[in-house]
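Chemist: Chain residues, written in single-letter form:
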Amino acid sequence: MQKPNSEVSGVTNHEDADSRPKVRRIKWDRIAPYLFVSPFIISFLVFSLYPFISAVIMSFQQVNGFSDVKWIGLANYQQLFKDGDFYAALWNVVRYGFWTILILIPLPMLLAYIMNQKGIPFKGFFRSVYFVPVLTSSVIAGLIFKYAFSGEKSGVFNELLHVFGAGPLDWLNGSHTAMFALVVIAVWRWLGVNMIYFLSGLQGISPELYESASMDGANSFQKFWYVTIPMLKPITIYVLTISIMAGFSLFNESYVYWGAQSPNNVGTTLVTLIYKAAFSQGNFGYSCTLGVALFVIVVVVNAVQTKAMGLFKDEA
Amino acid sequence: MNQFGKKLGLAALAAVTMLSLGACGNNSSSASGKSANGENKMTMWTFVDAQGDFWKDAAKSWNKTHKQKIDLKVNVLPFDQMNQKLTVAMQSGSGAPDLADVELGQAATQLKADKPPYYPLNSALKPYDGKLVKSRLDNFSKNGNVYGLDYHVGTTVTYYNTDIMKQAGVDPTSIKTWDDYVKAGKEVKAKTGKWMNEVEYSAYFQFDSMTAQQHADYVTKSGKADLANPASVRALTELQNWVYKDKIARPAVGGSLDNDQFFAEMNKGNVASVTMPSWYMERMADNMPKLKGKVAIEPTPVFKEGDYRSAGGGGTGTMVTNQAKNQKLAAQFVVWGKASKDQAYKIWEKLGFDPVRYDIWSSKRMKADNKYTEYFGKDIFDTFVKLEPDVHSVTKTAKVSPALQDYLLKNTMPSTLLHDKMTPKAALEKADSSLN
Amino acid sequence: MESIKTQNRLKTTLSVLLMVFLAILVMVPFYFMIVSSFKDVSVIFANGINVNIDFSKMNFDNYKSLWTNQNGIYWSWYKNSLVITVVETVLVLVFTSMVGYGLAQYDFKGRKFIFALVLVMMMVPPSILLLPLYKLVTQLGLMDSYAGVILPYVVPASSIFFFRQFCMGLSREFAESARIDGCGEFRIFWQIYVPLMKPAFGAMTILTTMNAWNDFLWPLVVMKSTENFVIPAGLMSAMTPYGNNYKLLFAGSVMSIVPILIVFVLNQKQFIEGLTVGGVKG
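Those sequence lines, one after another, are chains H, P and E.
Residues in the first sequence are numbered from 0 upward in steps of one, following numbering that gives the first Met the number 0.
Residues in the second sequence are numbered from 0 upward in steps of one, following numbering that gives the first Met the number 0.
Residues in the third sequence are numbered from 0 upward in steps of one, following numbering that gives the first Met the number 0.
Hints were generated in silico from the structure; no laboratory data involved.
A couple of the hints might just be wrong.
Only pairs whose alpha carbons sit at most 20 Å apart, straight line, appear in this in silico DMTMM-like list of lysine to aspartate or glutamate [stated by the list, open to error]:
#	chain 1	residue 1	chain 2	residue 2
1	P	K114	H	D67
2	P	K267	E	D39
3	P	K366	P	E297
Only part of the chain P face toward chain H is listed, based on derived beta-carbon distances under 8 Å [stated by the list, open to error]:
#	residue
4	Q83
5	Q90
6	S201
7	P401
8	L408
9	K409
10	S414
11	L417
A virtual CB, placed ideally from N, CA and C, is assigned to each residue, including glycine.
Looking at chain H on its own, in the form it has when it is part of the complex:
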């Protein structure tokens, strides 16, 4: 799949390189790799590990200012387990993940399949058009959609409903419609990106597979079902992973729609809660507790998913 258009020929693959006798002449090239990876090490220590440790510490504290802290044991965690907002946010993230995955895997896959057919005109053009939304900031997209989802009769979506003789709906205040409003932005922004992922996956499938399928008398649908989909598994897993993660980091769209607080938590996400606890309420300790909880959830979800799907089996 990777074809760096190197001007120098001889792109060997890694396994060959590994089996070659290692040239180690001076000490310098033993230190060199560490120098190369040092930016990551430094950044990791300073901007990830240290803050993470301080988050864990603060999650056991009541923080009234960084210099005025009190150890309170597990009180923050007890609060977490009782916190209805936390469960509401978790439920929102699960629903969001469910809908985005349900739409953002099959639809782009189908689109990629269509675009990959012979004889489709203006492929490059369409590809770019589908891609443009993701270049738009989610805040700006949110602004546009916020006013399109106006509860007034004259908002775009209500006008649309009116054509079908329904509505008007108070979109951003109802639980299901609010979720719809969040998912719409996700679909709009990520359709093109996911399509490109699948497109590249399709181009990696050898035509011979289709030919032999044709010889066995498979029709287009059967070819799609029995050849294309299985061959796209690695990419599907990748897209699935980033979709799940996107749900866990969801913040911007929710913040544009509702600010830090949505009525009846219709749009509350885990990150909104982290933000709100720290910045609206000044509850630093609890904000860190939420952060640690989110970390644990993400690690567990990933572990389960990796185990289930064998992602990165060949890596690391």
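For this one, chain H is given, so just place chains P and E on it according to the hints.
Modeler: Chains P and E alone, transformed into the frame defined by chain H:
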């Protein structure tokens, strides 16, 4: 071939240079407390453009009459963002401005520590003893220290769109009780098809004032939440009935009566009345140009004889943070900026607020032409003076207040007013039980 | 034979129709954004965004306000976004290409561990560290500065992963023969491998630019003064009922898309090809 590598290297060098320049450039502005010509630099955060302008003007006036000059820089941020930035800056001990406008609903959060990180205004307030409405000072007090000085008293009144009322054949002055109001609302709805009111669910000015009107409070003396007190239940029931029983109102566009969407709605003449504090005059004058000369200001209807005909609603205290470079000067400036006679007049003339400095309310200057008298007529303060004894508020700065307000906005108001999911009594009882 | 041809033509037509339909759906929000930028914003607040077009009421006021509103504060935001994006992108490219190269081209003790760390970092949403990072940046005295916005994110794991995957496909032979010629390790990287990694740089340029240009939460938290905001945070801050900055919203949104669109158009071929190289390795 190594062209690309070189270019990248150069770019990286340039990037690092820019980064360090950017960092220095930004830091130097906050490093020293004084500007080149010896003026005291101060920054102020507020969430209303007009209030920012007010303070810029105040600094100019101050510099004309005072030795210690002030170079004021005002940062106007949206309400949420400003409070969020302030909260985190105050708690983390750096990055806060010298002065900050803190809205009453946020005051409890800002003052929650045993020793609030703000500078007390007590000594600066001394010269104005007895000239300011005391209840407005209490709002921003803790342990005997006053930490903020409000712009206004926030006398709550009912604003009627006289065009709609005329069309419906109802005289606003005849509306004395909320029962009258509902009856009038039905007339309005029947004859004009317009809403009598819209009901807030992401704010609680009306709920607060209706509670305070009945001489009640939803925080007990011992600091417990008592939302399910009879007066509050009655207030919330009234609001719910407007929407779901009497059908004279709908849940407010944008969730509150103080947002751009509702302003537009009101300006279009789709709503006959609102009950809001005095500062709503400024919102109307600035955002509802079509209603100029068509708004009548009346005392708020009551539930029963003997209730207060008004309430104190909202409020914003200007506070001096403990991160201010010259805290004493800042405190003097804040108090002078709001309590000195000339400045108090300006609070009315520029902001359209009823100033906390009460002794000027009946003076002639309050009737002079300005954009508010042009909009509402000249006798606004005649009404306000009469209502002043009726101005009382619910507690906003108890320890439980931030959680209580959060709960109201998050659960109680949406499930009783936005949706008809719960009875007010059940919703308020549920709030109490989860807060206490 | 004839029927298969017709069938194919039908299939192609249906496919194109579907593609056109989706393309229109995708473009609709931009249509509204642009139309709204010529409308009176108070009308949009009152009625929501809608399809009504009344040319007599449309004008360039909103665009003019980009210059007039608060002395053109919009362009301060623009400048901040530009500086942050350019600096961040360059630093990200330099650092992560180094790390990716190091991880792919050398065998050394701890390599697997470090790569595992990279993978873990890719999974973890950065927002969980919102508050402790805020604390750190405060302690470093970088609040309200470009450095505070940029520094925590100059070595993103996803970009390392990308470069590493790409470099795995490059032969180690060049390095070895260069070493025999007495070439230093960094010269090997700069002069031999960086040019070979050009397609990867193309893809990462767009991706990093896009992320930096559109980043919202972290700059929102770090920047205190309104004139130090980046565009998304600035436009959000214009949405206050107590100001008069609404005019900036839609015109500002339109203008904010321009630079990123330019970067995309210039690099798009490399980008779309490169996007999958590192990210999705079966």
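Chemist: Now look at each hint and say whether the structure bears it out.
Modeler: Here's how the hints hold up against the structure:
1. With a CA separation close to 11 Å, the supplied pair P:K114 and H:D67 stays within the 20 Å bound.
2. A distance of roughly 15 Å separates the Cα atoms of P:K267 and E:D39; the hinted pair therefore holds under the 20 Å criterion.
3. Under the criterion of a C-alpha separation no larger than 20 Å, the hint pairing P:K366 with P:E297 is consistent with the structure, at around 17 Å.
4. Checking P:Q83 against chain H by beta carbon gives a least distance of about 4 Å; that is within 8 Å, so the hint holds.
5. The interface hint given for P:Q90 holds, since its Cβ lies 5 Å from the closest Cβ of chain H, which is under the 8 Å cut-off.
6. Evaluation of the P:S201 hint against chain H yields a held restraint, the C-beta minimum of about 7 Å falling below 8 Å.
7. With 8 Å as the threshold, the beta carbon of P:P401 comes within range of chain H, its nearest partner Cβ sitting at about 6 Å, so the hint holds.
8. A distance limit of 8 Å between C-beta atoms decides the matter here; for P:L408 the minimum to chain H is near 6 Å, and the interface restraint holds.
9. Satisfaction of the interface hint for P:K409 is found here, the shortest Cβ-Cβ separation to chain H being roughly 6 Å, below the 8 Å cut-off.
10. Evaluation of the P:S414 hint against chain H yields a held restraint, the C-beta minimum of about 6 Å falling below 8 Å.
11. Because the beta carbon of P:L417 sits about 6 Å from the nearest beta carbon in chain H, less than 8 Å, this interface hint is met.
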